Amino acid sequence: MFDTIKKFLPILLSLLFVIACGGFDGPQSTFDTHGPVAKEQADLFYLILWAGMVVLVAVELAIIYIYIKFRRKKNSTRIPSQTHGNTKLEIMWTILPAIFLAIVSVPVLSAIWTIGTPPKNPDVVVNVHGHQYWFEFEYQDLDVVTANELHIPVGKKILINLYSNNVLHSFWIPKIAGKTDIIPNQGNYMWIQGDDVGMYYGQCAEFCGESHALMRFRVVVDTDEDFRAWISHQKSEAFVPNDPLEKSGYDIFMSSKAGCGGCHMINGSKKAKGKIGPNLTHFGSRQHMAAGILENNQVNLRNWIRNPDMIKPGNIMSGQAAVYMDPNKSLTESEVIALASYLQSLK
Amino acid sequence: MTTIPFKLPLNIKLYRPVSPTGVWGWLTTVDHKKIGVLYGVTAFIMFLTGGIEAMLIRTQLIAPELKIIAPEVYNQLFTMHATTMIFLAIMPLSAAFFNFIIPLQIGARDVAFPRLNAFSYWAFLAGALIMKSSWFLGGSPNAGWFGYAPITTATFNPGNGIDFWIIGLQVLGVASLAASFNFIVTIINLRAPGMTMMRLPLFTWMTFITAILLILAFPVITVALIELMLDRTFDFNFFNTKAGANPILWQHLFWIFGHPEVYILILPAMGIVSEVLPTFSRKPIFGYPAMVLAASFIAFMGWLVWSHHMFTTGLGPIANSVFTLTTMLIAIPTGVKMFNWLGTMWGGDIDFKTPTLFAVGFMSMFLIGGISGVMHSFSASDYQQQDTYFIVAHIHYVLFGGSIFGIFAGIYYWFPKITGRMYDEKLGKLNFWIMFIGQNLTFFPMHWVGMQGMPRRIFTYDSGMGWAFWNGFETIAAYAIAFGVLIFVINMIKSWTGGKKAGDDPWDGRTLEWSIPSPPPVYNFRDIPIVKSLDDFWHTKQKSSNSNTKVKSKTKVSDIHLPQPSYWPLLVAVGLTIAGFGIIYNLVFTGIGIGIMLITVCAWSFEPVNEPDSH
Numbered sequence: 000m001f002d003t004i005k006k007f008l009p010i011l012l013s014l015l016f017v018i019a020c021g022g023f024d025g026p027q028s029t030f031d032t033h034g035p036v037a038k039e040q041a042d043l044f045y046l047i048l049w050a051g052m053v054v055l056v057a058v059e060l061a062i063i064y065i066y067i068k069f070r071r072k073k074n075s076t077r078i079p080s081q082t083h084g085n086t087k088l089e090i091m092w093t094i095l096p097a098i099f100l101a102i103v104s105v106p107v108l109s110a111i112w113t114i115g116t117p118p119k120n121p122d123v124v125v126n127v128h129g130h131q132y133w134f135e136f137e138y139q140d141l142d143v144v145t146a147n148e149l150h151i152p153v154g155k156k157i158l159i160n161l162y163s164n165n166v167l168h169s170f171w172i173p174k175i176a177g178k179t180d181i182i183p184n185q186g187n188y189m190w191i192q193g194d195d196v197g198m199y200y201g202q203c204a205e206f207c208g209e210s211h212a213l214m215r216f217r218v219v220v221d222t223d224e225d226f227r228a229w230i231s232h233q234k235s236e237a238f239v240p241n242d243p244l245e246k247s248g249y250d251i252f253m254s255s256k257a258g259c260g261g262c263h264m265i266n267g268s269k270k271a272k273g274k275i276g277p278n279l280t281h282f283g284s285r286q287h288m289a290a291g292i293l294e295n296n297q298v299n300l301r302n303w304i305r306n307p308d309m310i311k312p313g314n315i316m317s318g319q320a321a322v323y324m325d326p327n328k329s330l331t332e333s334e335v336i337a338l339a340s341y342l343q344s345l346k
Numbered sequence: 000m001t002t003i004p005f006k007l008p009l010n011i012k013l014y015r016p017v018s019p020t021g022v023w024g025w026l027t028t029v030d031h032k033k034i035g036v037l038y039g040v041t042a043f044i045m046f047l048t049g050g051i052e053a054m055l056i057r058t059q060l061i062a063p064e065l066k067i068i069a070p071e072v073y074n075q076l077f078t079m080h081a082t083t084m085i086f087l088a089i090m091p092l093s094a095a096f097f098n099f100i101i102p103l104q105i106g107a108r109d110v111a112f113p114r115l116n117a118f119s120y121w122a123f124l125a126g127a128l129i130m131k132s133s134w135f136l137g138g139s140p141n142a143g144w145f146g147y148a149p150i151t152t153a154t155f156n157p158g159n160g161i162d163f164w165i166i167g168l169q170v171l172g173v174a175s176l177a178a179s180f181n182f183i184v185t186i187i188n189l190r191a192p193g194m195t196m197m198r199l200p201l202f203t204w205m206t207f208i209t210a211i212l213l214i215l216a217f218p219v220i221t222v223a224l225i226e227l228m229l230d231r232t233f234d235f236n237f238f239n240t241k242a243g244a245n246p247i248l249w250q251h252l253f254w255i256f257g258h259p260e261v262y263i264l265i266l267p268a269m270g271i272v273s274e275v276l277p278t279f280s281r282k283p284i285f286g287y288p289a290m291v292l293a294a295s296f297i298a299f300m301g302w303l304v305w306s307h308h309m310f311t312t313g314l315g316p317i318a319n320s321v322f323t324l325t326t327m328l329i330a331i332p333t334g335v336k337m338f339n340w341l342g343t344m345w346g347g348d349i350d351f352k353t354p355t356l357f358a359v360g361f362m363s364m365f366l367i368g369g370i371s372g373v374m375h376s377f378s379a380s381d382y383q384q385q386d387t388y389f390i391v392a393h394i395h396y397v398l399f400g401g402s403i404f405g406i407f408a409g410i411y412y413w414f415p416k417i418t419g420r421m422y423d424e425k426l427g428k429l430n431f432w433i434m435f436i437g438q439n440l441t442f443f444p445m446h447w448v449g450m451q452g453m454p455r456r457i458f459t460y461d462s463g464m465g466w467a468f469w470n471g472f473e474t475i476a477a478y479a480i481a482f483g484v485l486i487f488v489i490n491m492i493k494s495w496t497g498g499k500k501a502g503d504d505p506w507d508g509r510t511l512e513w514s515i516p517s518p519p520p521v522y523n524f525r526d527i528p529i530v531k532s533l534d535d536f537w538h539t540k541q542k543s544s545n546s547n548t549k550v551k552s553k554t555k556v557s558d559i560h561l562p563q564p565s566y567w568p569l570l571v572a573v574g575l576t577i578a579g580f581g582i583i584y585n586l587v588f589t590g591i592g593i594g595i596m597l598i599t600v601c602a603w604s605f606e607p608v609n610e611p612d613s614h
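Respectively, the protein sequence lines represent chains A and B.
Numbering-wise, numbering that gives the first Met the number 0 puts 4 at position 5 of the first sequence, and it's gapless, one number per residue.
Numbering-wise, numbering that gives the first Met the number 0 puts 281 at position 282 of the second sequence, and it's gapless, one number per residue.
There's no promise every hint is true.
[To be verified] Cβ pair distances, simulated, as ranges:
no. : chain 1 : residue 1 : chain 2 : residue 2 : range
1   : A       : Thr86     : B       : Val22     : 31 to 41 Å
2   : A       : Ser329    : B       : Ile44     : 31 to 41 Å
3   : A       : Asp250    : B       : Leu128    : 56 to 66 Å
4   : B       : Leu128    : A       : Lys72     : 26 to 36 Å
5   : B       : Ile187    : A       : Ile98     : 50 to 60 Å
6   : B       : Gly502    : A       : Thr82     : 27 to 37 Å
[To be verified] Okay, derived cross-link-like pairs now, PhoX-like style, lysine-lysine, Cα gap no bigger than 20 Å in a straight line:
no. : chain 1 : residue 1 : chain 2 : residue 2
7   : A       : Lys87     : A       : Lys73
8   : A       : Lys72     : B       : Lys428
9   : B       : Lys531    : B       : Lys425
10  : A       : Lys274    : B       : Lys241
11  : A       : Lys73     : B       : Lys428
12  : A       : Lys272    : A       : Lys346
13  : B       : Lys531    : B       : Lys428
14  : A       : Lys272    : A       : Lys234
15  : A       : Lys246    : A       : Lys274
16  : A       : Lys72     : B       : Lys425
17  : A       : Lys246    : A       : Lys256
18  : A       : Lys234    : A       : Lys256
19  : A       : Lys119    : A       : Lys155
20  : A       : Lys87     : A       : Lys68
21  : B       : Lys241    : A       : Lys73
[Said to hold, decoys possible] Footprint (simulated), chain B over chain A, 3 or more residues, beta carbon under 8 Å:
no. : region
22  : 34 to 44
23  : 144 to 158
24  : 232 to 240
25  : 283 to 290
Derived from the structure by calculation, the hints contain no laboratory data.
Please read all numbers here as calculations on a predicted model, not as lab measurements.
Every residue, glycine too, gets a C-beta built ideally from N, C-alpha and C.
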């Protein structure tokens with residue numbers, strides 16, 4: 000039985016490897032790159048991967064050869080020659096890896112400087128604020144604040160400043176750039192560039208609490224034109240809706256009973272001035288909600304408003320908002336529907 | 000035997016236990032072999048609990064968007080899994096071998112400080128109980144095994160879990176420090192005549208280096224833990240970001256400890272492999288001086304690479320370049336070890352018994368972990384791998400495929416010496432193949448999933464991410480590992496109770512522990528051996544097989560002076576436990592615990608010696 004296993008094991012393992020490497024690239028694949036930073040990182044990875052493969056195969060083959068060639072025959076009493084070493088051989092296998100490593104270190108060091116040096120004149124500067132458990136994007140020079148969907152113009156160098164006033168997070172867009180940690184009281188930064196128009200996945204990569212797994216975001220790479228249009232739309236203020244359902248949602252939102260405005264900002268409104276939660280001025284124009292984990296539609300939105308803790312355990316809103324803390328102030332089903340309609344009207 | 004009471008000024012008489020048996024025998028023992036068994040059995044139970052935690056984690060990840068385990072519990076599970084495996088399983092399992100094997104390998108009757116040795120074990124048990132009791136006392140630590148500030152501070156983590164973690168680790172640190180000093184002194188001072196440092200068996204050498212790493216590394220984490228404890232218990236501001244703290248301080252302190260810790264976990268396993276391969280190949284270790292030098296160099300370089308755990312924290316290109324280069328440098332001595340093991344086996348007459356299989360399994364798995372280690376020493380591309388499953392794959396190749404396989408090799412190898420009985424070879428081999436295949440099927444796909452962007456420490460993932468198939472696959476393979484461990488447990492219980500008698504030297508061993516009976520008598524060596532070369536016992540056997548003259552011992556067993564049992568190590572550890580729980584619940588108990596410790600340490604110092612009858 001063991002012999003059968005032994006025979007098939009290497010085949011099985013190499014088969015597994017081939018299957019694994021031939022798999023399809025998912026939305027957060029680091030192999031399917033769409034920006035210069037991720038590209039450089041993937042190239043470097045392939046370099047060391049193949050170099051490592053050579054060493055791996057050579058040594059594993061040596062192990063298998065030894066296994067076959069030098070195994071004890073039954074009842075063998077052979078005493079092998081008692082060699083204690085071989086100085087020449089030992090010097091060789093100390094020096095050769097050193098030379099090998101010296102050679103591969105050249106492209107690494109150059110990549111460290113390319114990736115680690117931010118552009119002197121970035122086209123756009125975005126301040127990213129990590130929260131528990133969502134991302135806030137602040138375009139400082141353009142006077143725009145949004146959440147969870149980052150828009151950038153294609154082919155431009157973007158400087159990202161990373162801030163947190165709570166715990167650690169890490170900002171990561173696998174197809175565009177590797178991650179950089181967000182650390183309170185330490186202004187970290189990174190630069191990114193998206194080379195192809197499209198929507199890309201991002202995720203928080205440093206453990207940040209109960210719902211760390213649900214702290215995601217999207218990056219939308221727009222054409223220059225679309226990006227400018229998006230910015231000017233984001234700068235516009237929200238209006239009081241005309242539709243009666245949406246209007247009643249607006250009233251609940253602004254009421255002191257619900258108190259939504261204490262944490263959420265809606266530009267143009269006098270009551271919604273909060274800065275704790277996401278800015279909702281153009282919430283309806285976002286494709287996803289709750290930090291990139293759900294599609295932005297009526298059903299999901301109602302579920303979220305009804306009981307956010309079911310969707311994202313440990314979120315601050317369900318732990319602090321009166322409508323979730325005080326049973327006397329709970330939202331009725333019609334209030335939930337009205338609020339959802341109002342929020343989606345905020346295009 | 001008569002007992003001489005010692006008189007304290009207060010006219011209290013102190014007695015010393017007189018070689019008791021049964022439960023008291025175990026509670027008061029100072030015999031390094033019994034302590035070794037206690038360490039081994041306790042640590043193995045901890046290994047099983049850590050395994051159960053791992054199975055729960057894998058079960059939650061078997062399919063996307065599952066809700067089997069609540070996120071908060073999941074976060075506690077992965078924190079406890081890593082903490083358990085590192086501090087409560089691998090380290091004390093290595094310590095079990097240090098205890099049982101080192102005095103036998105250097106030709107000593109016991110360790111240098113037998114009572115301190117007992118205390119190390121009881122303090123380890125106290126730390127383990129404090130850590131594990133958190134499951135039943137309101138929730139375990141939930142911030143990951145490296146507990147990055149500020150999520151561990153009271154502001155973001157008001158529960159008790161982190162306190163259990165802080166106190167448990169500090170108590171474990173006390174245990175590790177006491178044990179390490181003990182082993183350094185033992186190895187330097189208690190070597191048999193002629194056993195020079197360059198004739199030490201390699202396992203003893205690796206233990207020596209590990210102990211030095213430990214006494215240098217643990218103070219660093221202790222500083223960090225005390226700072227965090229002061230923050231949480233007394234409102235200090237070391238990691239309070241609202242008061243301007245930069246929490247990166249924690250990461251530097253943690254990893255200056257944490258990287259040497261990685262070598263603390265792997266060096267003993269390397270030592271075991273360096274014992275197993277020569278014995279079963281019937282050849283001396285290839286390049287002995289190079290092996291010692293390489294390990295020393297690895298241990299030294301372990302202090303110069305800590306920031307490779309922090310490449311993404313914004314240290315800047317200069318720091319990242321330096322730490323990239325120092326990390327790559329470690330590949331050289333590690334390669335030397337790998338090649339020397341191959342050299343040891345080359346041309347040998349290798350008996351592929353279970354220990355050999357585990358040792359060769361160690362080599363082939365550790366190699367994969369080593370290569371992926373060099374891969375993420377490339378800081379620029381590590382930005383994509385940091386905090387993903389690629390790293391999870393890497394650590395499991397080095398710690399499971401590496402350390403645990405090495406430890407299993409050691410258990411099978413020394414099982415006949417420790418118990419006097421033979422393990423079941425068939426079950427042993429079955430155990431190896433299931434674990435070996437299970438380990439590869441579980442952890443290899445994690446490389447791929449990690450490069451597909453799956454972060455570690457997430458309790459769920461979406462079905463659209465392309466991670467579902469491999470996660471399900473990994474979970475099923477992980478169950479296979481659990482099955483392999485079950486076979487191991489069955490083998491151990493069956494063989495310990497009813498295995499064939501092993502004899503003194505079943506493997507045709509090379510080192511001194513095989514020259515004495517199995518299990519060894521209390522006094523180990525009737526006559527302290529005189530060592531003339533490396534692998535002295537093997538050479539003696541080669542010579543004497545012609546002449547066949549066994550020298551009869553002139554030493555009378557009753558004349559052998561042995562350390563005597565003591566109550567105090569256990570009682571000091573009880574004081575330590577009470578003091579520890581006091582910090583979590585009520586400082587009054589800390590006072591009581593410290594009081595108990597002071598009194599018992601004094602009693603320990605004044606403990607009388609029982610006079611042997613015949614003098």
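Hints versus structure:
{"no.": "1", "hint": "Thr86/A to Val22/B: 31 to 41 Å", "verdict": "violated (56 Å)"}
{"no.": "2", "hint": "Ser329/A to Ile44/B: 31 to 41 Å", "verdict": "violated (48 Å)"}
{"no.": "3", "hint": "Asp250/A to Leu128/B: 56 to 66 Å", "verdict": "holds (58 Å)"}
{"no.": "4", "hint": "Leu128/B to Lys72/A: 26 to 36 Å", "verdict": "violated (51 Å)"}
{"no.": "5", "hint": "Ile187/B to Ile98/A: 50 to 60 Å", "verdict": "violated (38 Å)"}
{"no.": "6", "hint": "Gly502/B to Thr82/A: 27 to 37 Å", "verdict": "holds (29 Å)"}
{"no.": "7", "hint": "Lys87/A to Lys73/A", "verdict": "violated (34 Å)"}
{"no.": "8", "hint": "Lys72/A to Lys428/B", "verdict": "holds (18 Å)"}
{"no.": "9", "hint": "Lys531/B to Lys425/B", "verdict": "violated (38 Å)"}
{"no.": "10", "hint": "Lys274/A to Lys241/B", "verdict": "holds (18 Å)"}
{"no.": "11", "hint": "Lys73/A to Lys428/B", "verdict": "holds (17 Å)"}
{"no.": "12", "hint": "Lys272/A to Lys346/A", "verdict": "holds (18 Å)"}
{"no.": "13", "hint": "Lys531/B to Lys428/B", "verdict": "violated (36 Å)"}
{"no.": "14", "hint": "Lys272/A to Lys234/A", "verdict": "holds (16 Å)"}
{"no.": "15", "hint": "Lys246/A to Lys274/A", "verdict": "violated (23 Å)"}
{"no.": "16", "hint": "Lys72/A to Lys425/B", "verdict": "holds (18 Å)"}
{"no.": "17", "hint": "Lys246/A to Lys256/A", "verdict": "holds (16 Å)"}
{"no.": "18", "hint": "Lys234/A to Lys256/A", "verdict": "violated (29 Å)"}
{"no.": "19", "hint": "Lys119/A to Lys155/A", "verdict": "holds (13 Å)"}
{"no.": "20", "hint": "Lys87/A to Lys68/A", "verdict": "violated (24 Å)"}
{"no.": "21", "hint": "Lys241/B to Lys73/A", "verdict": "violated (71 Å)"}
{"no.": "22", "hint": "34 to 44", "verdict": "holds (count 6)"}
{"no.": "23", "hint": "144 to 158", "verdict": "violated (count 0)"}
{"no.": "24", "hint": "232 to 240", "verdict": "violated (count 0)"}
{"no.": "25", "hint": "283 to 290", "verdict": "violated (count 0)"}
Of the numbered hints listed earlier, those contradicted by the structure are 1, 2, 4, 5, 7, 9, 13, 15, 18, 20, 21, 23, 24, 25.
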